[in-house]
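Listed below, chain by chain, are the residues.
8 protein chains.
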Amino acid sequence: MDTASLKKLFADVKRGKLSPDQAVQHLRHLPFEDLGFANVDHHRALRVGMPEIIFGPGKAPQQLAEIFMRLAKHGHNVLATRVSGEQVRAVRRKFRKAEYHELARAITLTRDPTIHGKGKIIVVSAGTSDIPVAEEAVVTAQIMGNEVQHLYDVGVAGIHRLLARRDVLTKARVIIVCAGMEGALPSVVGGLVGVPVIAVPTSVGYGASYQGIAALLGMLNSCASNVTVVNIDNGFGAGYVASIINRLE
Amino acid sequence: MDTASLKKLFADVKRGKLSPDQAVQHLRHLPFEDLGFANVDHHRALRVGMPEIIFGPGKAPQQLAEIFMRLAKHGHNVLATRVSGEQVRAVRRKFRKAEYHELARAITLTRDPTIHGKGKIIVVSAGTSDIPVAEEAVVTAQIMGNEVQHLYDVGVAGIHRLLARRDVLTKARVIIVCAGMEGALPSVVGGLVGVPVIAVPTSVGYGASYQGIAALLGMLNSCASNVTVVNIDNGFGAGYVASIINRLE
Amino acid sequence: MDTASLKKLFADVKRGKLSPDQAVQHLRHLPFEDLGFANVDHHRALRVGMPEIIFGPGKAPQQLAEIFMRLAKHGHNVLATRVSGEQVRAVRRKFRKAEYHELARAITLTRDPTIHGKGKIIVVSAGTSDIPVAEEAVVTAQIMGNEVQHLYDVGVAGIHRLLARRDVLTKARVIIVCAGMEGALPSVVGGLVGVPVIAVPTSVGYGASYQGIAALLGMLNSCASNVTVVNIDNGFGAGYVASIINRLE
Amino acid sequence: MDTASLKKLFADVKRGKLSPDQAVQHLRHLPFEDLGFANVDHHRALRVGMPEIIFGPGKAPQQLAEIFMRLAKHGHNVLATRVSGEQVRAVRRKFRKAEYHELARAITLTRDPTIHGKGKIIVVSAGTSDIPVAEEAVVTAQIMGNEVQHLYDVGVAGIHRLLARRDVLTKARVIIVCAGMEGALPSVVGGLVGVPVIAVPTSVGYGASYQGIAALLGMLNSCASNVTVVNIDNGFGAGYVASIINRLE
Amino acid sequence: MDTASLKKLFADVKRGKLSPDQAVQHLRHLPFEDLGFANVDHHRALRVGMPEIIFGPGKAPQQLAEIFMRLAKHGHNVLATRVSGEQVRAVRRKFRKAEYHELARAITLTRDPTIHGKGKIIVVSAGTSDIPVAEEAVVTAQIMGNEVQHLYDVGVAGIHRLLARRDVLTKARVIIVCAGMEGALPSVVGGLVGVPVIAVPTSVGYGASYQGIAALLGMLNSCASNVTVVNIDNGFGAGYVASIINRLE
Amino acid sequence: MDTASLKKLFADVKRGKLSPDQAVQHLRHLPFEDLGFANVDHHRALRVGMPEIIFGPGKAPQQLAEIFMRLAKHGHNVLATRVSGEQVRAVRRKFRKAEYHELARAITLTRDPTIHGKGKIIVVSAGTSDIPVAEEAVVTAQIMGNEVQHLYDVGVAGIHRLLARRDVLTKARVIIVCAGMEGALPSVVGGLVGVPVIAVPTSVGYGASYQGIAALLGMLNSCASNVTVVNIDNGFGAGYVASIINRLE
Amino acid sequence: MDTASLKKLFADVKRGKLSPDQAVQHLRHLPFEDLGFANVDHHRALRVGMPEIIFGPGKAPQQLAEIFMRLAKHGHNVLATRVSGEQVRAVRRKFRKAEYHELARAITLTRDPTIHGKGKIIVVSAGTSDIPVAEEAVVTAQIMGNEVQHLYDVGVAGIHRLLARRDVLTKARVIIVCAGMEGALPSVVGGLVGVPVIAVPTSVGYGASYQGIAALLGMLNSCASNVTVVNIDNGFGAGYVASIINRLE
Amino acid sequence: MDTASLKKLFADVKRGKLSPDQAVQHLRHLPFEDLGFANVDHHRALRVGMPEIIFGPGKAPQQLAEIFMRLAKHGHNVLATRVSGEQVRAVRRKFRKAEYHELARAITLTRDPTIHGKGKIIVVSAGTSDIPVAEEAVVTAQIMGNEVQHLYDVGVAGIHRLLARRDVLTKARVIIVCAGMEGALPSVVGGLVGVPVIAVPTSVGYGASYQGIAALLGMLNSCASNVTVVNIDNGFGAGYVASIINRLE
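Protein sequence lines, in the order shown, are assigned to chains A, B, C, D, E, F, G and H. If you read the first sequence in the numbering used here, its first letter stands for residue 509, the second for the next number, and so on. If you read the second sequence in the numbering used here, its first letter stands for residue 509, the second for the next number, and so on. If you read the third sequence in the numbering used here, its first letter stands for residue 509, the second for the next number, and so on. If you read the fourth sequence in the numbering used here, its first letter stands for residue 509, the second for the next number, and so on. If you read the fifth sequence in the numbering used here, its first letter stands for residue 509, the second for the next number, and so on. If you read the sixth sequence in the numbering used here, its first letter stands for residue 509, the second for the next number, and so on. If you read the seventh sequence in the numbering used here, its first letter stands for residue 509, the second for the next number, and so on. If you read the eighth sequence in the numbering used here, its first letter stands for residue 509, the second for the next number, and so on.
To be clear, the hints were calculated from the coordinates, so they are not data collected in a lab. What you are looking at is a predicted structure, and each value in this text was computed from that prediction instead of being measured. The C-beta atom is built at its ideal place from N, Cα and C for all residues, glycine as well.
Between beta-carbon pairs, the in silico distance windows are:
no.: 1; chain 1: H; residue 1: His582; chain 2: A; residue 2: Thr636; range: 49 to 59 Å
no.: 2; chain 1: F; residue 1: Lys605; chain 2: A; residue 2: Glu610; range: 26 to 36 Å
no.: 3; chain 1: D; residue 1: Gly566; chain 2: A; residue 2: Pro565; range: 40 to 50 Å
no.: 4; chain 1: D; residue 1: His624; chain 2: A; residue 2: Ser527; range: 30 to 40 Å
no.: 5; chain 1: C; residue 1: Gly593; chain 2: A; residue 2: Arg601; range: 21 to 31 Å
no.: 6; chain 1: C; residue 1: Arg578; chain 2: E; residue 2: Glu655; range: 29 to 39 Å
no.: 7; chain 1: D; residue 1: Gly566; chain 2: B; residue 2: Arg601; range: 28 to 38 Å
Derived DSS-like pairs (lysine-lysine); straight-line CA-CA distance at most 30 Å:
no.: 8; chain 1: B; residue 1: Lys516; chain 2: H; residue 2: Lys679
no.: 9; chain 1: H; residue 1: Lys628; chain 2: H; residue 2: Lys679
no.: 10; chain 1: H; residue 1: Lys626; chain 2: H; residue 2: Lys679
no.: 11; chain 1: H; residue 1: Lys628; chain 2: H; residue 2: Lys605
no.: 12; chain 1: H; residue 1: Lys679; chain 2: F; residue 2: Lys515
no.: 13; chain 1: A; residue 1: Lys581; chain 2: A; residue 2: Lys626
no.: 14; chain 1: E; residue 1: Lys525; chain 2: H; residue 2: Lys515
no.: 15; chain 1: H; residue 1: Lys525; chain 2: E; residue 2: Lys525
no.: 16; chain 1: B; residue 1: Lys679; chain 2: A; residue 2: Lys628
no.: 17; chain 1: F; residue 1: Lys525; chain 2: F; residue 2: Lys515
no.: 18; chain 1: H; residue 1: Lys522; chain 2: E; residue 2: Lys522
no.: 19; chain 1: F; residue 1: Lys626; chain 2: H; residue 2: Lys628
no.: 20; chain 1: F; residue 1: Lys679; chain 2: H; residue 2: Lys628
no.: 21; chain 1: H; residue 1: Lys679; chain 2: B; residue 2: Lys525
no.: 22; chain 1: A; residue 1: Lys516; chain 2: D; residue 2: Lys525
no.: 23; chain 1: B; residue 1: Lys679; chain 2: B; residue 2: Lys626
no.: 24; chain 1: D; residue 1: Lys602; chain 2: D; residue 2: Lys581
Covered stretches of chain H (in silico footprint by chain A; criterion: 3 or more residues with CB under 8 Å from a CB of chain A, positions within the stretch not fixed):
no.: 25; segment: 693-699
no.: 26; segment: 715-723
Using the sequences plus the hints, can you model the full thing?
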């Protein structure tokens, strides 16, 4: 439609209904998205395999279910994160096939099972309490078309647990590491591999962990150069960016 | 040599000089790197194209020059970051061909000009004061074998400057965005592209910028999902991780 | 005794001992406590169009309703902010005409529909979660006699949404921008217009957003020079100061 | 020239050199500023009376002098802030008429002495140590075409000093208040007037003043509703936004 | 009894039951409080007029009531602060005469109505929300034998309210000022009087008030030299230290 | 079994089924824990007297009870910390002999009452509110085989209470000191003894205690050189490390 | 104009139109700015014994010397704090009798040696590094007419040093305690005495002392109720408020 | 001499020169240290092997040299930490045998070479920049009579370097781990051993390391239970407490 209105403008010029000068004036007042931004976004959607993700908190169950339905109609995979029990029920009443991932607190609907990722994404967690965040990353990466494997409870205070599974790490094209408390695991993992490591600080801990600040600062100061960081508890973001990296050809 | 000592162990068993039980005891006390870790690291070096980077601060000029020389002898490219004038002179006395990048405060020696990156890395800066950090990223990515292009002084308060150069952004396989003050640029860039964006907060600003905290927090809270973050002023880290991503096949 | 000196002043005028002009001079020099603060305040009230605003939290429903009634009796518009459901019911039992603004969590009573503002106030929000704060600004600016228009969900990660509505922005005499997370929107808006922009950080976000600190710092460090900042979630304050600016002749 | 290239496009369509479809494609790849953004910026420059301000720190004296000269050539007033002694000398070698404001650490060149402001801007400081920041605001507001008056050393611990000068405050259309330490002065001033008050926290103080945090937080939490805040020591920003407000018709 | 055991020691020496050397050894092992510390404490209790105060939180209602009873038996006045409804009921079941101060969340039992204070303590509050903290100070000062007067809702944004009551302030021997938000009131009060001012930051406010940090920092940086500060919301501490000052002869 | 597979490897070499070269290859791919890490851990378990501790929060009651049972089967003492009422009931349904320590919020099962500690551990608390943390330390140290004595409510504002009990302190081989608010007690205790002092900041306090930050900073800055610090409220950690120190021969 | 109204008042008294008593009444009711504050201030000055103190930093040596001279002319004692060597020389060139207190970095000129304090002020320091701050308090209290005694290097890690000097403490009417690092000393001192204790956190320490934050927080959370706090390193403020307390009759 | 004065007291009682009552009075006024505290301290000195350590900063070279000399006269080992070049020269002029440890910035004088430690202390550092802090720990532990071994540059991003030296770790009775940046090393080391680990955060790093906060928080949140923490850069404290632990019999 953007194109349509543009074409009409040029056609009008061609037909002499508008002088070039008048056309320039018109052009200046056309809304930007009419100039193709929407297309760009659409392109991105097609390329990334998912147009939008639903962030659950603050949405009424019914409202969330409706957004979910609207997105599902386009034939894309759908992901809703941090959903409450009520939100889950509202969605599942409409979509029997929507899958609820309890640990990840996420709902997915798989419309398109294509694998877009070129390699495997490995999601690592330091402790068992970090698993919900790790699972959010797993679910996100899966619904975005990746092969995902996890490696949980391999924190640095029992380093042999991680080292014993080095073979798993070496199969990754991208690695996500979720850790709370001192947040040291990404540095160790980063030192063992040559692929990008996305560190997710979690709010796991107490006292001077300050809801993830200790882990966040630790990760930002990682002495392993292949580590980048996302927000505290942001398993979704890590899964998202890992997917984008994993699609790079 | 690790392999040598291992082989000797097995040979001793074969020859009956050691019983299997005794061999197990011996094995347990061999240093770990003798078991192959060094090799693994070597592998990583080969794959990544650079065995080690020299961090300048705190090293005596002579000491830095010697490390530089030792690394150069292996035929790898060499990079020294955050070098002082004295350090530069010490290195250049030994290596006429070592290049000094004044803005980036880095020295490089190119032994191997192979391009390892699959695509282009674009380095973006918000203001002119962010350029030293951006240049550190540029130099790092170049010495690691990438085609790099920059786009400077396109901060969000004059958004048209960025939008006018969208064509540059769309050519990137990985984008690095350096910004101080409010650190908003990675969010805007992230929203315009479908590739990974590595955000580098800089310590540019005054008052409540708190040497980069404002920018760091802004980037961690980016509403664009394809953004990950490295430490404040860590242009090197951004260039490094962008290189690793850009090599993924 | 204040009363006494006032009485004497008026008596002197009555008896011709002072001309009204002289009395005004006298009045100006009478000690502050002896008169005049209420008057002065009254002047301010007349000029600003509203004598006082009721801050809901911590007030018993009945108490709030009584304050509301007392203020309403003076014929002024009345605004109560951050009201609870109970407080709303208590007020509406007395004032059928009091309007409850659910999103803004505010009650208003319009006694005087005069438009005092010289131009339009535009209220912009980055995301849908910032709308309650934005609505508090809207309701405040309206009850203070301004024409208000809003522009919601135009955050920086989808910059085209904002650019497509530039025509709206250009109609503003004052702009209020509410944003949480990285708080980058005021910088972008500030760069697009030549009028004052009042930035309101919101506590929207999680993890390293720290209940609005990230947004607050971002806004204080805005690279757009026409941006000033109010407290986190202070939609009321933004609406108030925008109204004062908009009345300037 | 933007217009020129656009006109050429339409002319080409008109002449049949390009079909409307081809024109749409071309249009999409024209740089944004060609579409009028530059004009918009130009408009802003004309309206605001000054196209750009030079921020001194980090610029070589010669470089700063050249930027200064380039801006001066357009016939606009020029302002360089936070300049060093060397920068001052470099500028004055080229512009005898450039004025150096020692307290404000600013250089100005007045090309256009037009008064754009509709009223008076009053700049208030709490203590004598806040004067450099206050003077930066004064110089900025003056060079942007405002009548400015100051009121210094009227901090809250000697409240009579402020009250004795209420007559000055009442003449303001916009007030700027600079204060360090506890930053209480804007609240008191805000309570005395009905016009917008722009609060500038300064880094004046020691110990728990934390280079202006105490003052900044105090101002953000001001109980006077007509107060907005800019960054610590940002006298320029306060002067700039006050000028914009003071021009509103 | 301490004295008793000491006397016995000396008597034993006198009687030759212990040699001086043995006595020295014994002395070294006597518990410290046997040497008079308890007496000192007792002295303090008598002088201060109250041996101990009960801090309510974390104590079971029955337990608190018993401590209350034990203290009451010594004939001293008793004060329990920050008590819950249940704790109040438990105490009042035993002490009909125990007074509950709802705003202050305190219970008192007056056994000794003597006035120990040499002058008057004035308790000032900035806003109505600060009153609970102020009342805790009032109740503490009263039960410790002081004449107390309060002056509420005289915050700095309406400075005339305070100035109109200067006569009250001038009657004080010690002043307590409770304020949240920007915490500016103690500076203003401190500048108006020549007596000690004890500032109590309160957790009143929202957003960047950070539960009283803004007010605390403001007060620590007060430009009035006669201001000292206690912990956030510590009305009790302010009342206590004001009482001690007011008893000084 | 690790040993078994290693022996088999050497036996295969001996028997000529594998050449030394092939054996080296095999060795490199054996999982790490097969090389003895598990044994090392086992050694640690034997030496320390407890293989693992159960951290209660986040575990379903049934799940916790099952972990508890599994650990109990190995004949070791078992400790579960920070357990909820429900978790306690779930455990006690299976283990009548499991002891619930209400103040410490811990459950223990004593299988092996051996005393491993060489001396006595003294646990000191500043106030009564610090007792839950102190008791967690006590319970931990006891179940790890130590003689433990406590000394509660001896905070620094009544220093005679501590001094009167110096004899208790002098009997300690290791001392744990738990304190909230200003966290000053470890410094005083540290100055009185020549043994290691482990300081535990507690979250006891209000206002500027910031949930234990004040105490934590105080302890890190202790002027007594024999003080080390653990996390806020980490009574378990203090008891654990004290036990390890107390076992040193 | 103030002068005018004052003249008239005195003329009226002279002519018998007003009795002196009536004039006093008039005076009390004249507008604040017109006069009375100066009187009030004057009263305060007379009562407090010193009209103003000179804060050294930021003042040119010559400028400081002139202010010093001006104040000295009124016959009052003069105090300049935090003076530099150059400032000292500038003052002493004019006032041979001005005393320089090297440790306190202060200059005093004693014009009036009257003792105003009713009792003794004791200044206590924890370590030798806290002495400069303590001496600033000593010098301030002395020049304001108090008998002052100090007690240095009695920190809590060697508590016997303090206890051995309890006799000194018991002679105080007001106590000032200066301490860096953990800032625990005021709590211990506060527990030993029944008089007001003014705590001064110092910036002494390193690492997690954060230039006095640790000490400041410790003091604000003091478990001794007779402790109030001033800003970090604010020895002057402590000496000032102690003097005011010590003058109370 | 304390004993002497006490004996004299008892002798006077015995001889009838004092009644027991009079003696009690006398006793109460004897300074505390006369009652044995000094002895206790002396005992501690003997037991710990060093009476006092000299903290260099803030001491004049001559003053430091004199304190050094005084301590040396008692025949104890002497340690001065954080000494400047000038201080070193001043000491060595007097003590040719005083050893200067350049990396550790410490001077020692060994008077008594006895080994007091029961086992070996291992000092580990993450990077080469952490070595100065590590060396301060080494020097402290050595001068206090311990066998010390170090293990440097074994940070977690190259975990094999540490694992290859596990044999060294297993020989320790106490381990000190110094690390900056993310501070992860103590957790890894703690998980590998069963002895106490003392973690020293260093201020090594940049950006979000915040001079050691990141490392400090990481260490406080260590998931290894045998880790305790000292202040940032406090190598001395770690060496001291490790020595005390290592002497435990």
